[in-house]
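Residue numbers (our numbering), protein chains in the order written: chain A, 1 to 696; chain B, 697 to 844.
Please keep in mind that the hints were generated in silico from the structure rather than gathered at the bench. Check the hints yourself; a few may be wrong.
[Stated by the list, open to error] Restricting the straight-line Cα-Cα distance to at most 30 Å, the calculated cross-link-like pairs of lysine-lysine (DSSO-like) are:
#	chain 1	residue 1	chain 2	residue 2
1	A	LYS261	A	LYS251
2	B	LYS739	A	LYS603
3	B	LYS838	B	LYS707
4	B	LYS739	A	LYS696
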Amino acid sequence: MELNQYLEMFIEESKEHLQACSEHLLELEKNPEDLTIVGEIFRSAHTLKGMAATMGFEDLADLTHKMENILDAIRNSKIKVDAEILDVVFESVDHLEEMVFDIADGGDGKRNVQATVEKLKRIEAGEPANAASEEPASGQEVAAAMVANEYKQPAEAPELKLSYDDFEKTVILQSSEQDFNAFEITVALREDCLLKAARVFMVFEILEKNGDVIKSSPTVDKLEEEQFDSQFHVAFISKESAEDLQKMLLKVSEVDLVVVKKIDRNVFVTKTTAIEVPAEEAQPAVQETVNAVPEAQPKTASAKNSNSKSGHASSKTIRVNIERLDILMNLFEELAIDRGRLLSIASEVNHGELNETVERMSRTMGDLQNIVLTMRMVPVDTVFNRFPKMVRQLSRDLNKKIELNIVGAETELDRTVIDEIGDPLVHLIRNSVDHGIESPEVRRAKGKPEEGTVELRAYHSGNYVFIEIEDDGAGINRDKVLAKALSKGIVTQEQSLTMTDKQINELIMASGFSTADVISDVSGRGVGLDVVKTTIESLGGNISIESTQNVGSVFSIQLPLTLSIISVMLVEIENEIYAIPLSSIIETSIIRHTDILNAHNQKVIDFRGKVVPLVFLEEIFEVPRAEQINDGFHSVVIVRKGDKLAGLVVDSFIGQQEIVLKSLGNYLTNIFAISGATILGNGKVALIVDCNALMK
Amino acid sequence: MTNATEQKNLKVIVFQLADKEYAIPVSHVKGIEKLMHITRVPKTEHYVKGVINLRGVVTPVIDLRERFDLPVSGNEETTRIIIITLETMEVGFIVDSANDVLDINASSIEQQPEVVGSFEEDFIAGVAKLENRLLILLHLDKVLNPID
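Looking at chain B on its own, in the form it has when it is part of the complex (with noise of 0.2 Å):
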């Protein structure tokens, strides 16, 4: 993301989670589907809701809400699980709903502003102002990868 010169436009998937929006390269998403059931794993993470099959793979489940201590909702139409793929792995992001396929100038990307409290500030790449849109931009390793 900091090559502006090659990458002028990022195409990204946009989806709300409580007040926000996120965003996430299109390229590391691989489908998003709707909200189906989910096996409970048991001895996990509290974020990690469980494993669902996605047509014959089974796929592990995040919520998002959880992962980024944001409060919990109940499921509603418009959740969505959105399948990311990341170097080997796999993995499903509950999300409140998925709106959008934007194309972000990568000049308009910055830095996270310099906020301080908010637990999901370490799972932030940066922050993608459109028009009167907040757009935040995520870190997937962090996201997947326990951090600790």
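The following block holds chain A by itself, in its conformation from the complex (with noise of 0.2 Å):
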């Protein structure tokens, strides 16, 4: 079979399955008795196992098997879910991580999971999952996982080849009731059969078209991939008698041997009431469950439909390519200007029927382009479903109590941005963790509760997205960040004195800067917050911080909805026309030649009290000139980077313009105070100056 096409399917639907692992795990820690979350998530488990299997990555598929046989116990009441069970079954989830995202980089998913197996299968044995037991030398664990890989008979009723849980086991019960019989089937395969699966197939169709299949051993999947000797059994319920059966089963070519044994449904009867009730009282206890009949058989029929589907039915949405979305976008901005073409046709013609046809064309393509644009819009909560479990981690490994809450989750962002925001937000949150929050012994001795609060907030607000994280934990300590930054030489004295709180908080985001005394094992890896900040800046957003020592930080980041479309102030020099975006434009403003002042080889102006640096970009572009212009004045766009700003000199102002960015290609990159390209509504391509770029 050609895997590598259904490869990145795969992984995306591994990945979507071991998220949902992960919040119903969250889920479970908070309502311990809930079951059907189990089911959730050995559902998701499970289904994760077949995919692996298929695709081949035999430890992915072997760790979810183990983390199952945990999953089943609890479901079954076998084992009562802990804090430490949960530690182990999240350590799971982070290892099948780990191995799909080696998958997705081209690896073959292996990872050394000994030390979580163990702990696996010391919890499915009962004993607590930690015991620092040394015993298991590395060859007996290897036996071990063979023994795991086979089906684990249980010794529960010698008579039965399988073992059935509750539900089972009523179905069985009510079948009986209504003239249905109960058999466990055993057929056996011929040693030398070539096709195992296909005779397995051929088996399952008679039974099927015979009765329904209750449950077999291996399971279905495993017996589809041929991971099965020569026998496997089959609990099956029909209205065929055991020999007609075993005939029709016989059939089957390569079957070697078909034992059909009735299930003697006092087996199950005599288990139950032996424990429950007393034998006198056995006749009513089996009427109760047959009087639940009509109930509980629909019940079956869905149990199946679901496990088919193995649960996507939520998701109306198909993945699309993100670039079908580019070369759609392109294509509807040609089509936007013929639509300007159009127009100004229409309107030298000046034809009625025309014009109105025109007119309504436009109207339509608005609608369009709002949908081409927001089909680019994802869901924040992409990125934000992966801080519940980080946070419970790392409040684990600190020994912090912390809860975090989050708000805004269905906020939409452009996927670009969506990529990229991710990698800044685990700093943050992780920041806010391990340096905000205090331990809970602090927290009591300053009257705050000892559980910490982390919020994480989106929300739209005019053309951008607010993300902020806010704790109410220590705050920023002013003076030991400013101790450390006249320290580092991030500032001076004289500067120092000037400074106001936001801006010293500000401080702790500068390249060079860390104010952990002790580097942890969470955070202070070398990688500062400056690093979140030139990540930011860099999709057009901007980052501050607000907090008061004792009471909490908030860290707001202000981002652009879309990167594919900007604001832009379009400007002309000679016959060249760039565009300057609006984000680091203060404001335009024309000057006097004889307002030009010289400072050390620099020419400067005075704009509003401060001096400002004027880049004049006839030379920097070096644009052709025909002739020198002068007519005594200038026009200046004032632009920002920081608290720093310039003034860039052009011929003329055309007006403000929302644009769709384009990059240059490949071919050209790193060039010099370009950062893009935008189609003007002519068809001719203008520049996009990175403003960034032009002040040191």
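Both chains are given apart, each in its own frame, so use the hints to dock them into the complex.
Here it is in structure tokens:
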């Protein structure tokens, strides 16, 4: 089978299932009694296992299988959920995630997970997971792993080859009340059977025509993958007689032996009654289950259905390659340019019907534009959903009590922004958890609740999306920050005197700054908040900090809704048109030639009492001039980078416009002071000025 | 191009530059466009003429005459932009005219004769003789990547 074509789908779906596992695990931690959640986790894990095995990622399938055993035990109330068990399951999910990421990076998904497997096995055996027993030598572990691959035969009922959970038992009991027979069928294939999976398929086809398969051992997935020796067992209900079934099944070629054994319902009845009710009351107990028949019957059907759909019912979306959306966008722009031409032709011709048609087309195109643009929007939830697990893990590692609240996860952002914003957020949340929230003891001493709160918020405002991380922790220690900044030479003594609290807070994002006295495992890995700041600024965004000591901090990130459309000011130099992003512009102004001052080889102007250096774009961009113009005035665009200003001198302003950002392609990279291009209404290309590159 | 047995025939686009004919494998050619408005991109190599709007995609264009240090000529009616793709790059070549699509027999491709002195020799992958025509096969990698 050509697996490569499914690989991408496999990776995407695996990530989804793992995400679902994490989310449900967190939920389970809050409601440990709710076994339906376990069922959800089990389903995701089961689907993942099946997919991994089909794709040939044995390690992945194997670890999932072991995790599934635990989940199964929890589901059947054999094990009680506690934090320790959840830790191990979380650890397994982490490993599985690493494996999937490895596969996504082109690896083989192999990973040393023996420690986790040991813990899983100990839990399954009912021992404490972290009992630091060193006894299992590596050789034994291999052997144990192999045993785990085989089906474990339960010893509870000697006459039965399969084990049944309560639900299956009920189904079997009910079926016998309705004139169905319950069988346990053992099918043995010939040792030299070549196409075992095909035989299995044929056997199941016969069975499904004549009744319902309740359970099989190994599971159907395993059977289809030929993961069995030569026999398998099936629990089956049917109206056919055992003899007929045997005859039918023996018709399948290469089947060596078929044993059809009727399941004696007393096996179950006596078992349940023996434990729960005194012998005399056995009859009413059965009666009760019989009464439940009409209810339970549809349940079997629905259970089967949902199994085959593996929980995908909710999503009514399709995946589209982002390149195709780009192509769609390009085509749309072509159309928009033609619309512009049509509009001007129509106004020249001034024909009533033509005008009407063109107008209507314009309106439709406007709607279409909205759709095309919103198609790239993704809810921030796709980034936020990994944080609950992260915070849980961090708070356990750091022995802190932290609650993470997420607000506005449905807020939408452009896909390209979403892809970039994840890492900075991870960093900021880690920062809040590690440096912000104090340990429970310290919090108690301060009269705060022991449990700290971190709130992650997202919301729209104007043309921007705001993402805020607020914690009720220690806040920023102004004096400590300032002392550090002074010692590192980031600010001078003089500067420090005039700085506002906000400016001081923001020093922690200056390059080469780290407030951690002790470098912990969590943060202080050599990447500082300066990287966060740079990343956010490269997205056209902005980050600011508000902090009050002992009350908490708020990190506020402002991001453009989309990277592909920005507002610009179009300016002209000779015959060339350039676009300057509005986000950098403070204002435009016309200055007299005589207002230009000279300061150390640099032309400057006095702009509202501030000395602002001038940048002559015609010089920077080496614009060829037909003849010098000098009417005594200059058009200047005042732009800003951080708190630095500069005046860009151009010939004239054309006006403000929304433009679609385009890259210059892979041939022209790193052009000085040009960050991209756009296509104007007349079809010509205009370059976008990178103001940040023009200011040191 | 060395594997003559597998690639008996090579389909090429033939174009004119000054007094010579050049060839590019058709597999690398995405289209041939008439001259259109070119937006100059500042601070680039002298042979990069700028960028064009190729149906919504901003595409850089290179003047091949300038790339090969040939005398610059004015734009004429026959001037064309050949859009070529190489790996992830898409670039337009400005040529004097695009003449032909030809099948070249791989056996007729030879190494560039040892003539020293012409600047363009670095860009040449081989020479193909067709009756009385001489086609110069271009080494696209080298044309696109600055040499020094």
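Which hint numbers does the structure go against, in order from smallest to largest?
No numbers; nothing is violated.
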